[in-house]
Amino acid sequence: NAGVTQTPKFQVLKTGQSMTLQCAQDMNHEYMSWYRQDPGMGLRLIHYSVGAGITDQGEVPNGYNVSRSTTEDFPLRLLSAAPSQTSVYFCASSYKRTGGEQYFGPGTRLTVT
Amino acid sequence: EDQVTQSPEALRLQEGESSSLNCSYTVSGLRGLFWYRQDPGKGPEFLFTLYSAGEEKEKERLKATLTKKESFLHITAPKPEDSATYLCAVQANSGGYQKVTFGIGTKLQVIP
Chain A
142 NAGVTQTPKF
152 QVLKTGQSMT
162 LQCAQDMNHE
172 YMSWYRQDPG
182 MGLRLIHYSV
192 GAGITDQGEV
202 PNGYNVSRST
212 TEDFPLRLLS
222 AAPSQTSVYF
232 CASSYKRTGG
242 EQYFGPGTRL
252 TVT
Chain D
63 EDQVTQSPEA
73 LRLQEGESSS
83 LNCSYTVSGL
93 RGLFWYRQDP
103 GKGPEFLFTL
113 YSAGEEKEKE
123 RLKATLTKKE
133 SFLHITAPKP
143 EDSATYLCAV
153 QANSGGYQKV
163 TFGIGTKLQV
173 IP
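From first to last, the protein sequence lines are chains A and D. All letters in the first sequence, in the order written, are residues 142 to 254 by this note's numbering. All letters in the second sequence, in the order written, are residues 63 to 174 by this note's numbering.
Keep in mind that the hints are not guaranteed to be accurate.
Unchecked claim - A few chain A residues that face chain D, going by a derived Cβ cut-off under 10 Å, partial list only:
1. Y176
2. Q178
3. L184
4. E213
5. G240
6. P247
Unchecked claim - Computed cross-link-like contacts, DSS-like style, restricted to lysine-lysine with a CA-CA straight-line distance of at most 27 Å:
7. A:K150 with D:K104
8. D:K131 with A:K237
9. D:K161 with A:K150
10. A:K237 with D:K130
Because the hints were derived from the structure by calculation, they are not lab data. Ideal Cβ positions, reconstructed from N, Cα and C, are used throughout, including at glycine.
So here's chain D without its partners, still in its complex pose (with noise of 0.2 Å):
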């Protein structure tokens, strides 16, 4: 079964003190892994698409990184907009809809 497990499950900075966020990963055959960010009251928003080990992906103060166990969101230079969930989600290559797993999130709070 897949299993994705996210750390911490909250996480307080202050602004412009950067930080990293944690998704291990179980899965048979990772098709791809992604980040999302979600804000209260609303729906997910689709941020970064991994494929494979060393891989990396940038939008603004976002970093994303790949291992074969786990990725990291790294966020540098916090600002207060960027307090969310951040949820992680992997799919698997099982053939046919390949389903995707979510974790239950990171709170990030950043304060001013």
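With the rest of the complex left out, here is chain A (with noise of 0.2 Å):
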């Protein structure tokens, strides 16, 4: 099993340029989630999935968009980027009956200019 995968690694945008932070897991779990991560501050949930079709906004949703058509991938759209976007991306993924016991992929460092 490869886990939990993001793509790319590292990115650098230009301020109003789009792009999609792509992730993938194959342990059939039900939930998903998007987090970014920035220094002084917890991990901040940005969408969620309980399941192919199903997305609601977490807790800093605005300047992002995700869809899940499938029960593998759940990617992450950045709109118009912003400096304010500038942080360290994670995806994870968990079974629905231990939600919090969370799968996180290796993260995608994303850099606005």
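Reassemble the complex: the two chains are provided individually, in unrelated frames, and hints are given to aid placement.
Shown next as structure tokens:
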């Protein structure tokens, strides 16, 4: 099992550009989530999904979009990048039964100039 | 609002010097408390889940305990490879998807 994979590992964007961060898991987990991690702050939830076709907003959803067409994939779209979106982004997945026991991907370090 | 406070922010230990990390929390109905380890440049790695006060879990040199207000991660005779940031998180019984709230973490450095 590859677990949770994320691409790219690093990305630099200019203000106003858009891009998609990819996330995939091969553990057949129902739940998938996107977090951002910034210095001095805990992981903050951006968007989450409880199953294919079902997504909802987390704590900091503005400027981001998600979709979940399959159980395995959960891409995160930045619509118009802003410097405030410079961060490290983590995708995580878990079984519905043990929702807090999350498996995290390796992260994407995004810089917006 | 659920809150998680971890202390200290950073801890430096000599190899073999045992210590504890603290996680204080406020949550409306605890579903679970989680400990993760995060190495630099990597995603968090799940360590333990604790569900109720009095529960304890152990893994190698780590032991996690839980009371109604806080959790401790005890590190016995640490080795340099235990150096990492340790994250605490809580999940509340709020119906439907139970959001997980993370603390900022304790950065542990173990000196040989």
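Grab the minimum C-beta distance from G240 of chain A to chain D and call the hint holds if it beats 10 Å, violated otherwise.
OK, holds: G240 of chain A within 10 Å of chain D, min 6 Å.
Chain D contact restraint on Y176 of chain A - CB to CB distance below 10 Å:
holds (8 Å)
Does the nearest C-beta of chain D fall within a distance shorter than 10 Å of the C-beta of Q178 of chain A?
holds (9 Å)
Run the distance test for K237 of chain A versus K130 of chain D: straight-line Cα separation, threshold 27 Å.
Answer holds: K237 of chain A to K130 of chain D is near 25 Å, not above 27 Å.
Checking one constraint from the list: CA of K161 of chain D to CA of K150 of chain A, max 27 Å. Satisfied?
holds (26 Å)
When the nearest CB of chain D is found for E213 of chain A, is that gap smaller than 10 Å?
Status violated, d = 18 Å.
Hint status (Cβ of L184 of chain A to nearest Cβ of chain D, threshold 10 Å):
This interface hint holds because 4 Å falls under the 10 Å limit.
Hint check: K131 of chain D vs K237 of chain A, CA-CA at most 27 Å. Holds or violated?
The hint holds at about 26 Å.
When the least beta-carbon distance from P247 of chain A to chain D is tested against 10 Å, hint result
holds (5 Å)
Taking only the CA atoms, is the gap from K150 of chain A to K104 of chain D under or equal to 27 Å?
holds (10 Å)
Hint 4 alone, counting from the list given before, is not met by this structure.
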